[in-house]
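S.K.: Residues per chain, in single letters:
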Amino acid sequence: DVKVTQSSRYLVKRTGEKVFLECVQDMDHENMFWYRQDPGLGLRLIYFSYDVKMKEKGDIPEGYSVSREKKERFSLILESASTNQTSMYLCASSLGTSGRANEQFFGPGTRLTVL
Amino acid sequence: DAKTTQPTSMDCAEGRAANLPCNHSTISGNEYVYWYRQIHSQGPQYIIHGLKNNETNEMASLIITEDRKSSTLILPHATLRDTAVYYCIVRVVTGGGNKLTFGTGTQLKVEL
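From first to last, the protein sequence lines stand for chains A and B. One gets our numbering by counting positions in the first sequence from 1 and adding 18 to each. One gets our numbering by counting positions in the second sequence from 1 and adding 33 to each.
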């Protein structure tokens with residue numbers, strides 16, 4: 019079974035702190051994604067990557083950056099956390115782009131609170 | 034990617050079929066319909082996808098209308114564990130990344 023793990027289930031940080039959210043997948047997937055989920059807004063894509071060192075902006079990249087130095091790891095970075103970045107953050111990965119390979123596998127999520 | 038419209042919530046009795054509708058009237062010829070669900074406190078989970086033909090797997094059936102402007106996800110015998118938010122997504126399958134645009138989905142509540 020594909021496993022996508024996220025470094026923390028719950029995280030509390032202060033405004034202005036630099037925050038790293040880590041995601042690791044164990045199935046040699048090409049694509050990795052970071053979403054945030056907020057009540058009433060559904061899941062929104064922040065950034066995605068379809069190869070090592072490659073990244074593309076999603077729908078809401080402002081205030082975030084990402085790093086993919088190794089295929090299995092995709093990090094989301096909040097350079098200077100703000101209270102409006104309090105949210106549930108979900109990481110996902112997928113093998114490729116056609117048919118069932120398009121299926122995204124999600125991690126359990128990290129609930130980040132910025133005080 | 035085409036926009037989808039789903040009811041905010043639905044109820045279903047345990048053991049009965051749950052039929053979840055999705056409207057995607059602006060879908061293009063090369064866009065697939067995907068369904069995911071999210072059980073409380075978990076990440077979303079893939080259910081099924083299709084292009085034109087109806088599809089069935091171990092979890093559900095997907096019925097796509099002939100004009101492809103709407104679809105229905107069918108859970109044939111809903112159980113309490115099927116209580117979740119169900120997302121209908123349409124997207125182009127092209128090379129280079131496969132971003133999904135999630136809406137707010139349908140909250141399905143399965144009750145005794």
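Please note that the accuracy of each hint is not assured.
Incomplete in silico selection of chain A near chain B, CB under 10 Å [stated by the list, open to error]: (1) Leu59; (2) Glu74; (3) Gly76; (4) Asp77; (5) Asn120.
Label pairs and their calculated CB-CB ranges [to be verified]: (6) Asp77/A <-> Asn52/B: 21 to 31 Å; (7) Glu40/A <-> Ala50/B: 33 to 43 Å; (8) Lys85/B <-> Thr104/A: 36 to 46 Å.
None of these hints come from the bench; they were simulated from the model. As the structure is a prediction and not an experimental result, all values here were calculated from the model. In this text, a Cβ means the ideal position worked out from N, Cα and C, and glycines have one as well.
S.K.: None of the hints should be skipped; say for each whether it holds.
M.R.: Status of each hint after checking the structure:
With a least beta-carbon distance of about 7 Å to chain B, the hint placing leucine 59/A at the interface is held under the 10 Å criterion. The criterion of a C-beta within 10 Å of any C-beta in chain B is met by glutamate 74/A, whose closest approach is roughly 6 Å, and the hint holds. Taking 10 Å as the C-beta contact cut-off toward chain B, the hint placing glycine 76/A at the interface holds, the least distance being around 6 Å. Taking 10 Å as the C-beta contact cut-off toward chain B, the hint placing aspartate 77/A at the interface holds, the least distance being around 7 Å.
Hint on asparagine 120/A holds. Least Cβ distance to chain B is approximately 5 Å, under the 10 Å limit. Separation of aspartate 77/A from asparagine 52/B is about 30 Å and conforms to the stated range, judged on CB atoms against 21 to 31 Å. The supplied range of 33 to 43 Å is met by glutamate 40/A and alanine 50/B, whose beta-carbon atoms lie about 41 Å from each other. A C-beta distance of roughly 42 Å is found between lysine 85/B and threonine 104/A, which places it inside the suggested range of 36 to 46 Å.
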